[in-house]
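Chemist: One-letter residues, chain by chain:
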Amino acid sequence: MKAREVVLVDGIRTAYGRAGEKGFFWHTRADDMVVKVIRELLRRNPQVTPDMVEENVWGATTQEGDQGLTLGRTSAILAGLSEKCAGASIDRMCASGMTAVTTAASEIALGAFDIAIAGGVEHMGHHPMGATADPNPRFLVDRLVSEDAIVMGKTAENLHDMFPEISKEMTDEYAMLSQHKTARAYKEGKITKMIVPMTVYTPEGWVVADRDQQPRPDTTLEGLRDLHTPFRPMGKVTPGNASGLNDGACGVLLMSADKAKELNLQPKMRLVAFTYAGVKAEVMGLGPIPATHKVFKISGLTMDDIDFIELNEAFAVQCIAFMQEFKLKWPDEPRLNPWGGAIALGHPLASSGPRLMIHLMHEFAANPKAKYGLATMCVGLGQGGSVIWENLQGDGKKTPKKKAATKKKKK
Amino acid sequence: MAKIVTQFYPRFYESKVGKIALLTMDNGEDYKKPTTFDEEALNSLNKALDFIQREPDVRGLLLTGKHYIFAAGADLTQIPFINTFDQGKAIGQFGHATFKRIMDLPYPTLAAINGAALGGGLEISLYCDYRTVSKGVTAIAFPECFLGLIPGWGGSTLAPRLIGPEKALGLIIYNPLSQNRMIKAFQAFEMGVADRLFDTAEFLDDSIRFLEGIIDGREKVERAPVDSSNLKPLLKKARDFVDSKVHGAALAPYRALELIEGAFSWDLDQGFAEEDKALGDLLKSRQCKASIYSFDLVQRRAKRPVGVPQVEPLKVSKIGIIGAGLMASQLALLFLRRYEVPVVMKDIKQEFVDKGLAYIEAELTNLVEKGRLLEAKARYLFTLVKGTLDWTDFSDCDFVIEAVFEQMEVKQQVFAEAEEVVSSNCILATNTSSLSITAMASKLRHPERVAGLHFFNPVAVLPLVEIIPGSKTNEITLATTFAVAKKLRKTAILVKDSAGFLVNRILTKMLVDCLDMVDEGADFQLVDEAALSLGLPMAPFELLGFVGPAIAAHVQETLNRAFGPQRFPINENLRRMVEANIPGIYVGEPPNLKVNPALKELWQKKGEKDFRKEEIIERLLTSLTREIDLIMEEKVVGDTRDVDLAMIMGAGWPFFMGGVTMYLDLAGYTPKVLQKVFFTF
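Residue numbers (my numbering), protein chains in the order written: chain Y, 812 to 1222; chain W, 16 to 696.
I should point out that these hints are in silico values taken from the structure, not numbers from a laboratory. Each hint should be verified, as a subset may be incorrect.
Pairs of lysine-lysine, BS3-like flavour, derived with a Cα cap of 30 Å [what the hints assert, rightly or not]:
id	chain 1	residue 1	chain 2	residue 2
1	Y	K895	W	K34
2	Y	K833	W	K47
3	W	K31	Y	K998
4	W	K199	Y	K833
5	W	K330	W	K199
6	Y	K1001	W	K34
Footprint (simulated), chain Y over chain W, 3 or more residues, beta carbon under 8 Å [said to hold, decoys possible]:
id	region
7	35-49
8	204-218
Even glycine gets a Cβ: it sits at the ideal position worked out from N, Cα and C.
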């Protein structure tokens, strides 16, 4: 089979709510949030009629209840796509949505479909992480992983043990910067452009969820300093330097480059390469490091070629480890999460991967000279995922980098 | 149970075009308890509007409901307590004054009809400048005339002005008087009630976007101009329709016609004032009270039959129908459609069986053509039916019902033959309309498995079944028979095994009286007119033609044997009619019915008395009052509510009569004849 070029035409997300009763999505179903995203993608791209979408792939960490019954298929039906549209659900925990996108892209690349919608959703209010999981006792009996490995906050504390040079003050500083970057981006109208407002039911009347609930623009180091450390006594990981528990959905519209041309659509980015890699479950936050090394190897690119890095901020400590590995400028590498990250915006698990991509898409639009962007994230139980996209909204006048990306494709 | 209170919740949304107020009507319950308006709800609306009016820079308002329900109108539970004109009028005034505040807001207002919008729920939407409706909505209606009321919170005045007289008459008059028909979203859009029709998936988002468009001028709403030039002929036609339905016996639809007419000449305030007066007159009326009583029976009592034994019913996975005549074939079709299990239909001649099967096939095809059944499904269903001459096909049936000739010996014989082949716990039900269940079961080895399950013709239309245990019927048989009725989506009432059971006894009593009066000198048509003026759906002598004189005479004889000639005399003229094979009293088609000339010769009058209409009514109702008292005394049913429910569901008697006993109480017959009332709390 010969691989075809795959492009991302558009992407959109819901606002990210706080999980639980205080979140604005508490009375809203996860599948309805997915439906909202699918329909908005089509509304924004009228050249793509509902019957043209052939595949609908959705990632969710918990695949039951309002995220169950093959969400990719149920949401296709609920959204009013054609009955001919196929649908699938994908689970790679936090990278479920990222994997939904790379899976759908692979399907397009190999000629299975021309047009697909892919994304991720997580209603962590309805589905607290791992609430209904039943881990095999052998994990512990055979010491395959330590008990820490399934509590994400503990894996972050483990990283502090592993990198004693990363102090609590550094993680708080990182977190504060993330909040401030998001606050600025909000002020400049950059974030709301990526959000589709959704009217949601509350017992005190319908409201419109059009802004993320998590950001704290007024965050200060003093405010962060004394937050409790829920994962261990005298720990370093706090609610302030970690992402929260959130509800949200994010999706993208993918198609073959040829199809986009045929429909006269201006694609936003081209998929260059992607990969996933495993690490020890106890230090799952390191996942982006091997995944990114690997995706560079596959693409022939290096960090120097990358104009924007969208790194999911599950925990500040894990981001700092990544920055150190790739020698990014501390504390304010300009290429890294320029509009803030999950610490400010929230991290509805499976939804975050596609969110990183739509950040790239908008960063590319705002910076026509930028050529390549990296989206990368860590995954519970010890994985990382990395995806490189090429800017198709550029003016082509970018100063050439040392070497161009090889279009190295697996046969 | 805590009182359910409807609240109006105001919230604000900073949209791209400025601040929009979102006003939600919600009673805190799920869709099974729809949001309704009482005084407290209106107070809440006033408070919410105060709050919204205090808010600066509001550019628009969107009114909507909780999931699946926009609003279901006024709270009906208060109506029994309204006794004066002033009370009723005050309710109208408060509603008008409150809702009108929405109309007076200085910015665009939009009602986003996201779910059922009934009565006052639909009315409140008419005070908004615009309306959107969600494609999934199936219940939009003004049911008021069905309940003895008129749309009195603005509907009678605003709807005609919005959509013109013809469509308004449809909503306010024709639909409620046609089994309370409701319209769906697309119809509301087509007739101009709603300005936009949006998908359910993003209904409120789309509605907000539409309102934003109105605010910033992107959206323009074009409405067809209202044409009232043909108002008079339309009103005349509607009045004829109302006459044909209620024969002057109900007040509300006539009052609604006046209001619709007035809507085109009065100003808004006068229209509202006339609505207030109408509510003053109607809310205290007997027809309204009876309608609300009937509505409650049909809504609640019909869904929870009284007297179901607390045992697990048997599972029914194959059904046997004895007989293949018209009734049997109708039953086979109904069981087939509701159960979707094998149905075997037996008769004594292949040609009978073939005819029955052909009927079922034709009816299934008919359903497919109407789009109510998929063709593939119809084909599958027909494969489940088997016609047979052989009893052994019944051996694995769980439930057998007979619909053979109405004669005790014939019924006893087919049950005996069936018992030879069926399993020991198979239930044997009979669709007899008047024969004794106990007698029918008496010759069987297992009489405990027999029960009466009496349907009304046409089976697909009339929702009632009478369930009659014999003296030996056991609990599991009775429980299973109730479960069968429920599965068939019929309203079941438990009736004692006594001649004619309930509905036929009452109808026959009425027929006997009518025949007597004709014998004494009254005209057929005058008697029918008198009966119709009560609001009955069909005049007694017209009904006689529909049922057939032979069957009517047969039931009469059964009742005569059971209760004696004093109460149920045999009418000799009816007997002669049967012998002469005359199919009915009238010839021709309604409304141009003429008394069959053949009857002039045949009918032997006993007197020449000159009857007045009032006299006929008086006699019919006095007699009916006594008969129902005897029915209660004999414990044919346990509660007069079952009498009323049965007459509404089994004979189509109107809501505004409250079945019948509520009418007899309120019109003074029960107090006069029996020195009491039937109604008890």
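Chemist: Going through the earlier hints one by one, which of them does the structure break, listed in rising order?
Modeler: 1, 4 and 5
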